[in-house]
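Colleague: Spelled out, the chains give:
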Amino acid sequence: MTAQTVPSQAGAGGARRSRPSLWRERSILPGFGLSMGVTLAYLGLIVVLPLTALALRPWELGLGGVLRTLAEPRVAAALGLSFSLSAYAALLNAPLGTLIAWVLVRYEFPGRRLLDALVDLPFALPTAVAGIALTAIYAPNGPLGAIFAKVGLKTAYSPLGIFIALVFIGLPFVVRALEPVMQDLDREVEEAAQTLGASDLQRVAHVILPTLAPALISGVTMAFARAVGEYGSVVFIAGNMPLKTEIAPLLIVIKLEQFNYAAAAAIGLAMVVISFGALILINTVQLLIARRGRR
Amino acid sequence: MSDLLFTRRGLVTAASAAAAGAATLPLLGGAAQAAADPLTLLNVSYDPTRELYKEINAAYAAYWKGKTGQSITINQSHGGSGKQARSVIDGLQADVVTLALAADIDEIAARARLLPANWQSRLPDNSTPYTSTIIFLVRKGNPWKIRDWPDLIKPGVGVVTPNPKTSGGARWSYLAAYAYGLKKGGEPAARDYITKLFKNVPVLDTGARGSTTTFAQRHIGDVLLSWENEAFLTIDEFGPNFEIVYPSSSILAEPPVALVDKNVDRHKTRTLAEGYLNFLYSPIAQDIVGKHHFRPRNAQAAAKYAASLKQIPLVTIDNTFGGWKKAQATHFADGGVFDQIYKPS
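Protein sequences appear in the order of chains C and Z.
Per the numbering used here, the very first residue in the first sequence carries number -6; after that it's consecutive.
Per the numbering used here, the very first residue in the second sequence carries number 162; after that it's consecutive.
Just so you know, the hints here were simulated from the structure itself, not pulled from any lab data.
On a predicted model such as this, the values are computed, not experimentally measured, just so you know.
Heads up, the beta-carbon is just placed ideally off N, CA and C, and yes, glycines get one too.
Accuracy of the hints is not assured; some may be wrong.
Over 10 Å on every C-beta distance to chain C, these chain Z residues come out as not near it, computed from the model [as the list claims (entries may be wrong)]:
(1) Gln237
(2) Gly243
(3) Arg300
(4) Arg308
(5) Tyr407
(6) Ser469
Think about it this way: if two alpha-carbon atoms lie no more than 25 Å apart in a straight line, the pair counts; the simulated BS3-like pairs of lysine-lysine are [what the hints assert, rightly or not]:
(7) Z:Lys306 / Z:Lys344
(8) C:Lys237 / Z:Lys360
(9) C:Lys237 / Z:Lys244
(10) C:Lys237 / Z:Lys357
All chains should be modelled from the sequences, with the hints used to inform the complete structure.
Modeller: Here's what the structure looks like:
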């Protein structure tokens, strides 16, 4: 990728590499101006414009009003619930998604393609359909819900139900992020490690996982981000009790139902800001890992 | 580089995902202008009237054809009453609105100024051609012996009702329960009663249909606070698994209808739309109303369906709660009585 010889000490600004220009990717292909223009226009229209409108809306409440909205116990509880459950769901999908991707990439077995296609289903299914289906299964009278109920576990209409829905919608992100990287994994490196006497565990820990880490983090991040904004499937299974199982996107809808656009936008903006902060943190970690891998 | 690309995509995905909930804000103002076809009407209504208006629309189309020779198309849009009102405010080209409660049409008048503030006095009977009420639906055999409002706050009874913040029907249910409390011991008793009642609610769906599903198909709870017509529909569908219980008193739910003046003038559909709303009061439509378990205003139709729709004392929103504006502000606005039920303990 970049120069290998720079003796960088990780962290303390040692990684400044000489860049020929701030703007231009060094390339002999023409078209930078045009493609950059299209990129900026498109991103501006599709992403920046709506987000700007969202960012402008809450302030008719004044700064105090926005802070008061966010400090309401229900809003705080909903934000906490949405972000924590999304994180847990993404974290559960990390090992299981890795395993599934591994099986799909590394092994050949009848029905592999079918299984591979199944992974995409949570992407393709309308979220409301997913929510209704999950609720039917996990409700106390549903096939799985009944089993959980016997051991005293409430699934649907509890935070656990929300968690299940978020795991469901997040899985494809992890699997799909990992698959291409796994396909490109150089088997020779593994074999070399083996001939050098590395145990199976050592190969996984020191050869395979470090290579997968950036993709894994990407996948988990996307699963997390998607889960934070998920509405359709969750409202069916959540029970929607204030302070207990009310997710932040539902609270936004509730504020809108009361024609309280500004408060709805305030919660939305808070979600964007928290998501953005979390993602920057994750990106930094990822960058550090990638840099370490390169040394 | 490839991993960087991935994360950048991650950022964008995340931001848009978080914004998705708020994306329904009217960010870009008005919606697409409907084609100015004078022979099309759009009736924007609430959830449980789907079947009712399907039949009424067919009847009106036949009536209009007989009167003028023109064929017409009436389109229906259904959803939670508040959401529907918001869609009209944000630009949905409704010619007429037929919503669950007057407060939602008030919002259209106040925020988008699409119709005058005095809209409710323009048609007979408070602009409500049919009424309904809130009753109980219980499981077969009524195992909890639920007969009246006090039974709902017994420990262990599960009460299913949607969230009054998002559902028009739930607001009527809430007010019916509150009115019972008021009758029993004034304001303090009512607050105490409504708090205990909602402590028994295990699931708050966003709409009336959602609650019916939760109660009937997911087997959650022991009693459903339901629109009268919705309760009969559930019996029609699931038969003997459920029983209807009429409490000793309830509320007169008046789902009003109104012409959206600015929209009909733009579409040049005023005559057709006014005719449609007046038609709702005609004997033909009133009979259809009764058939769908709503309460007709027309005495003849009311008498015909009186056997199934039990007469119980019904309080009105105007007499007991001082009208929708006041009820909305006191009970359902942010920090109102309903919010106070869910104070963190």
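Colleague: Let me make sure I understand: some of the numbered hints might not hold for this structure. Which ones are they, in numerical order?
Modeller: 2
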